[in-house]
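Asks: Protein sequence lines, in the order shown, are assigned to chains A and B.
Residues in the first sequence are numbered consecutively from 858, following the working numbering.
Residues in the second sequence are numbered consecutively from 858, following the working numbering.
Read the hints as simulated data drawn from the structure, not as lab findings.
This structure is a prediction, so every number in the text was calculated from the model and none was measured.
Where hints are given, some of them may not hold.
The list treats identical chains as interchangeable, and a pair is accepted whether it falls inside one copy or across any two copies.
Said to hold, decoys possible - In silico DSS-like cross-links for lysine-lysine, where the CA-CA straight-line distance does not exceed 25 Å:
1) Lys872 / Lys915
2) Lys1002 / Lys1051
3) Lys866 / Lys885
4) Lys913 / Lys1002
5) Lys908 / Lys1047
6) Lys1002 / Lys912
7) Lys1002 / Lys915
Number of protein chains: 2
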Amino acid sequence: MDFENTVRKRRSIRKFTDQIFPEEQLMKAFELAVLAPNSSNIQTWDFHWVKSPEKKAKLVEACLSQSAARTASHLIVATADSSNWKRSQNPLIQWVRSVSAPKQVIAYYEKVVPFSYRSGFFNLLAPFKWIIFNSVGLFRPMMRKPVTARDIQEVAIKSCALACENFVLSITSLGGATCMMEGFDEVRVKRLLKLGRSSRVVMVIAVGYEGERGTWGPQFRLPLNEVVHQH
Amino acid sequence: MDFENTVRKRRSIRKFTDQIFPEEQLMKAFELAVLAPNSSNIQTWDFHWVKSPEKKAKLVEACLSQSAARTASHLIVATADSSNWKRSQNPLIQWVRSVSAPKQVIAYYEKVVPFSYRSGFFNLLAPFKWIIFNSVGLFRPMMRKPVTARDIQEVAIKSCALACENFVLSITSLGGATCMMEGFDEVRVKRLLKLGRSSRVVMVIAVGYEGERGTWGPQFRLPLNEVVHQH
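Pulled out of the complex, with its shape left as it was, chain A reads as follows (with noise of 0.2 Å):
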C-alpha cells in the first residue's frame, strides 16, 4: 500500500472480526518493526508473541478484558530493556569493524554504551553522573541524562515506541487493523511472560480485521497550528 494512504488509513480498532490475521503477515510486520530507528541501534526492544490460549485469555483479563483484547486474532506485548544493551554490544562492535566505522564509533559501543546503560545498584552512580553531567554543562553543551535507571528505561521505551509504530503501520498496510493499548496490569502481564525487573511494559498491541463499529467515528485530531510552533 502507498505510503500516505497506510498512515491515513490505520486507526485504534476496538473491535475485530472472527477472521485470523495471516501469521506469516505478522512476521513480516515484526521485520519492518525492527528496522525502526533506536537510541544507538542498541535495539532494546522485545516483542511477545502470546500464542498459547491459556496464556492469551490470562493476557486479555490482564488488559482488563477490554474489546480491541477479546476479539483480536494475535496479541503483541511489546517491552523495553535497557539491560538488552549486553544482548547487542558484541554484535555492534563485528559490525562498526565490518563497515570500517571511525574508531569513536567502536570505542563508543566499548565504553560509552556500558556507561550510559549503568545506574548503578539502587542508583547509586546517578548521583556522580548528575553532578559530572550538569557541571560541565555550566561551560558548554552537555547530554544532562541517562543519570538514574528510570532515565536509562525512558531511551529504551522510546525506541520500542518508534519500532511499535512501524508495526501497526506494517500490519495496516498488509490490510489488517491493531489496536495499541495501555490499559493493562503491568504486574500481571509481566507475571505471565516471566520478564525480568528492568524489563517495562511498553504497550500490547491487538492486531485482527477490523470489525463493524471498531471506531466510533472518524478521527479527531487538534488543528496543526495548535501543535506545531514555529520559531
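Please build the complex by placing chain B on the supplied structure of chain A, with the hints as guidance.
Replies: Below, chain B alone, put in the same frame as chain A:
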C-alpha cells in the same frame, strides 16, 4: 512511495547535502505525524520548527554540533508535555459528543483524564494513587500507572515518539532524509525554546537530503528470533 519501501529506505543520515528540503513537504510530514495513535488521543506532543538562523545555530550547538544537526535543512524539536491534556480536553469532549460515543467515554475525558494526569504538587498524590492501584490490583487486574509525574511524562513521551516515527517515514516517502537525535543538552534546548517545567524534549529531528557517506554502511539489525518471542 510504497509503504514497505519507505520503511526499508529510511536510515539515520549523519550528513546532508546543501539542497534545501521544501517547507511545504515538511508541513505535509507534520500533517501525517499527528495521525499517529496516542494515549487517550490527548495529543500531548508539540513540534518546534526552529527557523530563525540565530536560534538554529544555538540549537546546533545544543545538539553537541553533530554533523547531522550542522548540515540539516531543518531542525525540529519534538516535545512531550503531560499538562497538554488541558489543551485537548474540551475539543475531545465536543468530539465524543458529536460522534455519539458511549457516556463512559465522555466521563472518561471529564473525570478520568484529569485524575490520571495529575500527581499533585511534588507528587503528593502519588503515594495515595500507588496504594489504591496496588491494593485493588491484589484482587483483580488493574492499571498500576501513571502514579508519579514521571509516569505521566513517560506516557506523553511514548505518544510523541509514535508521531516522530510517522514524521521521519513521511519525510522519507517524500524523498528526503532524517536523523533522530537524542544527543542534545536538554537544559539548553528548553531554555532556547522557553519550554515549561512539565515539557520534555523527546528528540531533535534533522531533515534534509542524504549527502555522501550519510551512513557508515548497510543497516544492522539483530536476527528477528532474538527479539520476537513466541509464548
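Asks: Next step is simple, just say for each hint if it's right about the structure.
Replies: Hints and how they fare:
1. Lys872 / Lys915: Only inside one copy: Lys872 and Lys915 sit 19 Å apart there, 48 Å across copies, limit 25 Å.
2. Lys1002 / Lys1051: Intra 29 Å, inter 20 Å, cutoff 25 Å: inter-copy only.
3. Lys866 / Lys885: Both, since 19 Å and 16 Å are each at most 25 Å.
4. Lys913 / Lys1002: between (37 Å within a copy, 22 Å between copies)
5. Lys908 / Lys1047: within (16 Å within a copy, 45 Å between copies)
6. Lys1002 / Lys912: between (37 Å within a copy, 23 Å between copies)
7. Lys1002 / Lys915: between (37 Å within a copy, 20 Å between copies)
No hint from the list above goes unmet by this structure.
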